[in-house]
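The listed protein sequences derive, respectively, from chains X and L.
Going left to right, the first sequence walks through residues 0 to 298 as numbering that gives the first Met the number 0 numbers them.
Going left to right, the second sequence walks through residues 0 to 298 as numbering that gives the first Met the number 0 numbers them.
It cannot be assumed that every hint is accurate.
Identical copies go unnamed one by one, so any copy, or any two together, can satisfy a pair.
[As the list claims (entries may be wrong)] No farther apart than 20 angstroms at their CA atoms in a straight line, the calculated lysine to any residue pairs in the SDA-like style are these: (1) K245 to F298; (2) K213 to L190; (3) K256 to E297; (4) K184 to E223; (5) K213 to E223; (6) K75 to K162; (7) K91 to K113; (8) K184 to P228; (9) K184 to D248; (10) K293 to H214; (11) K158 to A129; (12) K115 to E291; (13) K256 to D294; (14) K41 to E223; (15) K184 to R174; (16) K41 to V154; (17) K162 to H282; (18) K191 to E223; (19) K41 to S279; (20) K195 to I295; (21) K22 to E96; (22) K293 to D211; (23) K136 to N161; (24) K293 to N253; (25) K256 to K293; (26) K184 to F18; (27) K55 to S187; (28) K293 to E251; (29) K41 to N224; (30) K287 to E297.
Think of the hints as simulated: they come from the structure by calculation, not from any bench.
All values reported here derive from a predicted model rather than from experimental measurement.
Protein chains: 2
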Amino acid sequence: MIDPVIIGTVALDSLETPFGSVKNVLGGSACYASIAASFFSKPGILSIIGKDFPDKHIKFLNKRGIDTKGVALGEKTFRWQGFYEFDMNEAKTLRTELNALESYKAEVPKDYKKAKYVFLANIDPELQLAVIDAIKKPELIVMDTMNFWIEHKKVQLMKAINKADVLVLNDAEARQIFNTPNLVKAASAALKLNTKALIIKKGEHGALLFTDNKHFNAPGYPLENIKDPTGCGDCFGGAFTGYLAKTQDLSEANLRKAVVYGSIIASYNAEGFSIERLRSIKHEDLEKRYKEFKDIREF
Amino acid sequence: MIDPVIIGTVALDSLETPFGSVKNVLGGSACYASIAASFFSKPGILSIIGKDFPDKHIKFLNKRGIDTKGVALGEKTFRWQGFYEFDMNEAKTLRTELNALESYKAEVPKDYKKAKYVFLANIDPELQLAVIDAIKKPELIVMDTMNFWIEHKKVQLMKAINKADVLVLNDAEARQIFNTPNLVKAASAALKLNTKALIIKKGEHGALLFTDNKHFNAPGYPLENIKDPTGCGDCFGGAFTGYLAKTQDLSEANLRKAVVYGSIIASYNAEGFSIERLRSIKHEDLEKRYKEFKDIREF
């Protein structure tokens with residue numbers, strides 16, 4: 000059973016941080032999210048790659064139990080080039096080549112349509128809407144986005160937001176969408192829509208989960224060695240959705256746990272370039288950090 | 000018994016936030032800190048005011064059990080004028096009039112010298128050093144500062160830091176003093192000095208407590224109505240020190256509680272201009288918010 004279905008980008012990234020640089024490495028929101036989800040469940044990806052995409056990456060994803068039959072083949076893979084300065088909270092883009100993504104229409108394989116959990120990772124909201132329409136009886140639709148879509152496709156974005164159950168945004172995106180500097184007010188506005196939960200990712204400062212009349216504040220993990228924050232937000236959303244797909248429990252208490260597992264995978268991801276650190280993470284590593292997350296919060 | 004002794008500024012502030020403006024209101028690091036400490040213990044202030052300082056403020060402080068015999072009298076009170084934009088994490092200064100502060104030499108009353116707890120609120124590090132020297136047998140010296148002293152009096156500042164037990168800094172100050180963007184590395188550097196604990200105040204993102212091999216992450220309280228963040232950091236340090244002076248317990252577990260009480264008083268302080276919100280706070284309000292702080296971090 001494919002769960003969750005994840006739509007997003009598959010990319011070849013070139014980037015520089017104060018701690019090194021890499022060229023044409025595996026990236027993209029669907030990659031990060033599906034690798035994160037694969038710690039808990041069997042995700043399937045909807046995306047597009049080009050003929051230049053190394054086959055070893057597909058083999059790696061499949062080996063992790065990630066279904067890739069929803070990945071279409073175009074001419075050239077989406078590429079992103081960027082860098083981070085000392086404040087690694089913000090990625091600076093040098094160049095984006097949409098390539099095959101430009102004309103991508105998501106075709107949803109038959110067995111994907113039966114999925115109960117959906118993660119709409121960061122991609123054009125029209126594609127997110129197409130996936131929402133294709134999944135027959137979703138139990139939970141989790142959705143991410145980015146400032147580009149807020150600025151350029153707000154109408155379609157709001158349509159998608161109105162059909163999603165959980166929004167996963169960073170603080171700047173939440174402020175921008177709901178037009179207020181105050182995150183508590185942004186949450187009230189979100190919860191007046193169809194949204195059942197708003198999650199605000201704050202990078203090193205942790206994450207907030209707002210539900211009807213509850214508020215959860217997940218700590219940021221204190222990282223001594225951050226190498227590359229690319230994909231941390233995607234990892235968060237993928238792990239969050241994957242954990243819920245595994246546990247099939249949508250109580251507020253379990254959403255809190257899912258937020259913590261999302262934070263854990265994201266914290267490991269930042270310790271290496273591209274998806275490198277996640278390759279070596281085992282289940283006992285997750286449980287070790289889960290215990291640490293509890294410990295740093297105890298009073 | 001006077002405890003803690005607090006050195007810092009007493010000011011008349013004029014400021015504007017997106018939610019209103021006030022003129023010549025009570026402010027200054029020693030005022031905020033001592034009011035915060037007075038929820039737990041009987042602090043005494045070392046500072047200077049001018050002949051223009053309204054007597055009602057002194058009466059108010061005394062009524063809260065704050066000893067003001069360490070407050071010297073000069074010509075004109077220190078004045079600060081500033082504003083906040085929508086991102087209320089950063090105060091912008093329009094004008095600073097040092098006035099009487101310029102030639103202030105701290106004279107420490109006899110009964111202050113017997114204090115066990117000391118809070119060196121933000122002020123010239125030479126004055127902080129003078130107080131350290133005057134207190135006979137301090138059990139705990141807690142110290143705050145600001146970017147101005149890091150830039151202009153680094154030598155004296157480092158001398159004071161080397162004599163303090165607990166540093167209370169905001170994230171930018173910690174990065175600046177220890178010359179690293181990484182807060183975990185800043186903490187390691189601080190703990191290699193005489194410092195027993197480094198606390199990093201992160202405003203709406205909460206606070207971090209680093210001790211020898213422990214790390215505590217206190218959540219930020221989700222405020223729907225922030226009116227004026229002036230003095231929140233001073234409140235934090237004052238409440239932290241006051242709580243420890245009351246409980247006389249320097250275990251790591253109790254330092255965590257002191258951090259939470261510091262966060263609670265700071266969160267209330269932001270709900271009003273100047274010290275207005277703190278006037279009406281009762282002990283049951285502290286306990287109510289303490290319970291909320293527990294609840295929002297439970298998983």
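Verification of the supplied hints:
For the homomeric pair K245 and F298, the shortest alpha-carbon distance between copies (18 angstroms) is at most 20 angstroms, but the shortest distance inside one copy (30 angstroms) is not. With identical chains, the CA atoms of K213 and L190 are at most 20 angstroms apart within one copy only, with a shortest distance of 11 angstroms there and 37 angstroms across copies. Within a single copy, K256 and E297 get their C-alpha atoms as close as 16 angstroms, and across copies as close as 10 angstroms, so both meet the 20 angstroms cut-off. Only between protomers do K184 and E223 lie at most 20 angstroms apart by alpha-carbon distance; the minimum there is 6 angstroms, versus 33 angstroms within a single protomer.
For the homomeric pair K213 and E223, the shortest alpha-carbon distance between copies (14 angstroms) is at most 20 angstroms, but the shortest distance inside one copy (32 angstroms) is not. In this assembly of identical chains, the alpha carbons of K75 and K162 never lie at most 20 angstroms apart, being 32 angstroms within a copy and 62 angstroms across copies at closest. Neither within a single protomer nor between protomers do K91 and K113 lie at most 20 angstroms apart by alpha-carbon distance, with minima of 38 angstroms and 55 angstroms respectively. For the identical chains of this complex, K184 and P228 are inter-copy neighbours only, at 18 angstroms across copies versus 28 angstroms inside a copy, given an alpha-carbon limit of 20 angstroms.
In the homo-oligomer, the alpha carbons of K184 and D248 never lie at most 20 angstroms apart, since the shortest distance is 27 angstroms inside one protomer and 39 angstroms across protomers. For a Cα distance limit of 20 angstroms, the shortest separation of K293 from H214 qualifies both inside one copy, at 17 angstroms, and across copies, at 11 angstroms. For the identical chains of this complex, K158 and A129 are intra-copy neighbours only, at 11 angstroms inside a copy versus 63 angstroms across copies, given an alpha-carbon limit of 20 angstroms. Proximity of K115 to E291 under the C-alpha cut-off of 20 angstroms is found in neither arrangement, the shortest distances being 31 angstroms within a copy and 34 angstroms between copies.
In this homomeric assembly, K256 and D294 come within 20 angstroms of each other (Cα to Cα) both inside a single copy, at 15 angstroms, and across copies, at 14 angstroms. Taking the shortest alpha-carbon separations for K41 and E223, neither the intra-copy value of 32 angstroms nor the inter-copy value of 39 angstroms comes in at or below 20 angstroms. With identical chains, the CA atoms of K184 and R174 are at most 20 angstroms apart within one copy only, with a shortest distance of 9 angstroms there and 31 angstroms across copies. In the homo-oligomer, the alpha carbons of K41 and V154 never lie at most 20 angstroms apart, since the shortest distance is 32 angstroms inside one protomer and 58 angstroms across protomers.
Taking the shortest Cα distances, K162 and H282 never come within 20 angstroms of each other, neither inside one copy (33 angstroms) nor across copies (44 angstroms). For the identical chains of this complex, K191 and E223 are inter-copy neighbours only, at 16 angstroms across copies versus 39 angstroms inside a copy, given an alpha-carbon limit of 20 angstroms. Taking the shortest alpha-carbon separations for K41 and S279, only the intra-copy value of 18 angstroms comes in at or below 20 angstroms, while the best inter-copy value is 55 angstroms. Proximity of K195 and I295 under a CA criterion of 20 angstroms is satisfied inter-copy only: 18 angstroms between copies versus 28 angstroms inside one chain copy.
Taking the closest pair of Cα atoms, K22 and E96 come within 20 angstroms of each other only inside a single copy of the chain (14 angstroms); across copies the shortest separation is 54 angstroms, beyond that limit. Proximity of K293 to D211 under the C-alpha cut-off of 20 angstroms is restricted to the inter-copy arrangement: shortest distance 18 angstroms between copies versus 24 angstroms within a copy. For a Cα distance limit of 20 angstroms, the shortest separation of K136 from N161 inside one copy, 16 angstroms, qualifies, whereas the shortest one across copies, 63 angstroms, does not. In the homo-oligomer, the alpha carbons of K293 and N253 lie at most 20 angstroms apart both inside one protomer (15 angstroms) and across protomers (17 angstroms), since each shortest distance falls under that limit.
Proximity of K256 to K293 under the C-alpha cut-off of 20 angstroms is found in both arrangements, the shortest distances being 11 angstroms within a copy and 16 angstroms between copies. For a Cα distance limit of 20 angstroms, the shortest separation of K184 from F18 across copies, 15 angstroms, qualifies, whereas the shortest one inside one copy, 37 angstroms, does not. When the C-alpha separation of K55 and S187 is checked against a cutoff of 20 angstroms, the pair qualifies neither within a copy, at 45 angstroms, nor between copies, at 41 angstroms. In this homomeric assembly, K293 and E251 come within 20 angstroms of each other (Cα to Cα) both inside a single copy, at 17 angstroms, and across copies, at 16 angstroms.
For a Cα distance limit of 20 angstroms, the shortest separation of K41 from N224 qualifies neither inside one copy, at 30 angstroms, nor across copies, at 43 angstroms. Both within a single protomer and between protomers do K287 and E297 lie at most 20 angstroms apart by alpha-carbon distance, with minima of 16 angstroms and 18 angstroms respectively.
Of the numbered hints listed earlier, those contradicted by the structure are 6, 7, 9, 12, 14, 16, 17, 27, 29.
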